[in-house]
Amino acid sequence: MSLGTLPAPANSQLASAPAPGRAVTWLAIRQIRRGGLLVAGLSAGMTALVAATYAQVMADPAAAGSLQALAGNPAIRTLFGAPVGLDTAGGFTVWRVGTVIAILLGVWSILATTRITRGEEDAGRWDLLLSGRLRAPAVLLRHLAPVMAVAAATATAVTAVLLLSGTAPTGAVLHGAGIGLLGMFSVAVAALTAQVFPARSPATGTAVAVLCLGLLARMIGDGVTALGWLHWLSPFGLLSLSGPYVHNRVLPLLLLAAATALITVLTLTAARRRDVHDGLIPAAAGRRPRTRLLASVETFAVRRVTRPLTGWMIGIGAYYLLIGLTAVSVTDFLRDNPALAGDASQAGFEGLGSIAGFTATLFAILAMPVGGFVTARMTAFLADETDRRLTQLTSQPITRIRLIGAEIAVTAVAAAVLVTGAGLATWLGITAIGGELAVDAALSGTWNVLPIVLLSLGTAVFAIGWTPRWTGLLGGLPTTGGFLLLVIADSVAAPDWVRDISPFAHLAPVPLTEASMTASSVMLAVATVLTIVGVAGYRRRDLRS
Amino acid sequence: MTVPALRAVDLTKRYGHLTALDTLNLDVPAGEVFGFLGPNGAGKSTTIRLLLGLARPTAGRAEVFGVDAADVASAHQRLAYVPADVALWPQLTGAEILHLQARTGPGTDLAYREELVDRFALDPSKPARTYSTGNRQKVALIAAFATRAPLLVLDEPTSGLDPLMEREFRTAVRQARDRGQTVFLSSHQLAEVEAVCDRVAILRAGRLVDVSTIEDLRGLHRSDVTITYAGMAPDLSGIPGVEAIESAGERRLRFTLTGEPAPALRALAAVEVTALTMREPSLEEIFLDYYGTEATR
Ligand SMILES: Nc1ncnc2c1ncn2[C@@H]1O[C@H](COP(=O)(O)OP(=O)(O)OP(=O)(O)O)[C@@H](O)[C@H]1O
Ligand SMILES: [Mg+2]
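One line per chain: the protein sequences are A and B, in this order. Numbering of the first sequence is given in our numbering, commencing with residue 1 and proceeding in unit increments. Numbering of the second sequence is given in our numbering, commencing with residue 1 and proceeding in unit increments.
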């Protein structure tokens, strides 16, 4: 691990270093730098890629005009953001990846912030820090600054890439600044919820919910002209109001900066007023025991998954309901503008002309959030081991196979619940708006991604058995990594075998076509082998506690 | 012959170049309260993790009542464990954790558990995240003492307990022994070890230094002897076991005595000794002897 090359641990520095503050900042940096580099690199990379493909997409002179027509369709606006300024490489890039990068940076910022503040405090590791010379608000600020610096670095990288691609400087700076501010806003919100709640998961959940609500408000504001003012209430809305390369307005970004500053000040005030380990909302003082699902390892695994599953289901369900509700409008529009359907396929959305094709495209993306869910669950299982909570169970007459087997089975079932829910939500949305999609077609479409999700679960289990440190990264490899590989391979016209490494290259567009039995079977077989090898590794290794 | 509660045969654990435990051979007979002592980093927790199958030995093997430690489904039917650093599921209350432990464990005496909750003054309705270090330890101790497992493995179980709770702990250990349970207790609290343990093992730098009863440990060690005499001074030079002879004032002599006292007593009988005091070494002094000579890791 890269930590090996570092100087002595921070707490030993604390004791002797003349500047305890700097040691705390360094401690915070060490906890986030790997993820921070990854986020900044991905953001810059995606921006560079799309900016570079602009010329290719626009090779057809008719294309620019018809893409412009997209701006009139409320459904397109709802799903992908208002497509303005598509006639420039900069504007096109902002539309294609701006929101994705903003979400990526926002979510990472929240996770990193609650992890290194409330998470560390929960684990008792802040007791040592706070017993030193620094007061709580100072320690907190020194943890927020590095995460905000990652947002600033991402902003700088994105701006630099856009400038190097030869786009207009004002737009480049404005877009970069907008993304950076959204990251900082997310940090501030997460820091505040970490003061309010006495535990990490409600703090993270609330901050993510705030971000999702902001996205939803922007989507509605984009889709329904009368509700356009909702933009002013949403960080994502403020970004689109700033209109890089088109309107180039500074005021919305100033507003976002002011909101961020205000929330940060509130956070520091809250930190001063509360006790270590407490939140502004006190922890429940006591309650009657709820012993349901506490009878065995298996039921306890079910109990631990219920809450996260509910949260993920609400998020994924809401998104696919929205897709269902807009599907008819989008496909009608694309059918009426055949030139556009062709462009859209070049721009990365294939077969959008029919409901079956449109949903098939969006169902493929489902593999990523559900893959994220299974990876998050297996990472949580590993955290239970490293944080020694699992010792309570590993010292019982319970074999390790049974312990991890229960976790794997419950996670797989939860993933099945998620894809089923997504299918039903899509079907519900389409049916409600009067479109045609059979419920079994919707379900076969979402179930079709389950093999990729199980591949993610398999790699995560393999990592737990053999390289626990890399569980998060390896677990995300088949889904997020595979998807990015496909997009990048397509964009740079890489040789087929590179493209074929990605599981998404073998995913049939269900319900547009039948599922590919061969592809699904191969993926399931690989997933099974990975799982078995991983469990074997887990059985024989030392527990990390 | 009955099987020992715990057995280590050439048990070795290496972490890279560091040998945390070096060919440990140890039998703990059933029914004993066995103390496990050693300075920080001596390898006590490592031994316990090997005995529990939480870590795999580099060489050698460990057995619990004759069952291989790696076969946890069977070996853990016979034991309960309190780790050195108790971490609980933060979202569960104390009562819920005790319930989970009882349902997944080797069988629990629920009435005795209620009594222990009372005696240790634990409020089991609170979520575990609000528990202090001592309260977390109490939850683990109550869960372990309430089982009817024939072996209790306790790794520094009282480091966070106040003196009142420490007393309850000692009572609980004695009751466990009276019920026939074996207790394997790793500890730094020498007074506690002295109060409850039948035998102790001393580990230093991964090696077993000694296993014996506390009385024997004392016997093996130096006692401080001071005598007052009338007339001629006794000649103690060359007497086996007598060392560090020094004058302690007018007609007073101090020396240390190791091992059998008979030769020294014979030498003293030759003169007129008017007073004699003998001070046994405290356990602390014995351990400083053991620990101090080689720097800990
Ligand atoms: N997972 C591990 N990886 C590397 N070294 C380890 C690991 N676990 C323990 N050690 C090392 O093994 C040695 C023995 O550690 P152990 O925890 O058994 O000591 P201990 O006797 O329990 O000490 P204490 O009284 O402080 O609890 C130490 O030097 C420790 O650093
Ligand atoms: Mg220890």
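What the hints contain is simulated information worked out from the structure, not anything from laboratory work. Predicted model, so just to flag it, every value in this text is computed and none were measured. All residues carry an ideal CB built from backbone N, CA and C; glycine is no exception. One or more hints might be untrue.
A short list of chain A residues far from chain B (calculated; beta carbon distances all over 12 Å) [unchecked claim]: (1) Asp122; (2) Ala123; (3) Val196; (4) Gly286; (5) Asp387; (6) Leu390; (7) Thr394; (8) Pro397; (9) Leu403; (10) Ala508; (11) Val522; (12) Ile532.
Simulated restraints on C-beta separations [as the list claims (entries may be wrong)]: (13) B:Gly134 x A:Pro289: 46 to 52 Å; (14) A:Gly286 x B:Asp198: 27 to 33 Å; (15) B:Glu284 x A:Gly21: 48 to 54 Å.
Partial list, derived from the structure: chain B residues whose beta carbon lies under 7 Å from chain A [said to hold, decoys possible]: (16) Thr58; (17) Ala70; (18) Ala73; (19) Ala102; (20) Thr104; (21) Pro106; (22) Ser237.
Mind listing which of the numbered hints don't hold for this structure, in increasing order?
1, 2, 4, 5, 6, 7, 8, 9, 13, 14, 15, 16, 17, 19, 22
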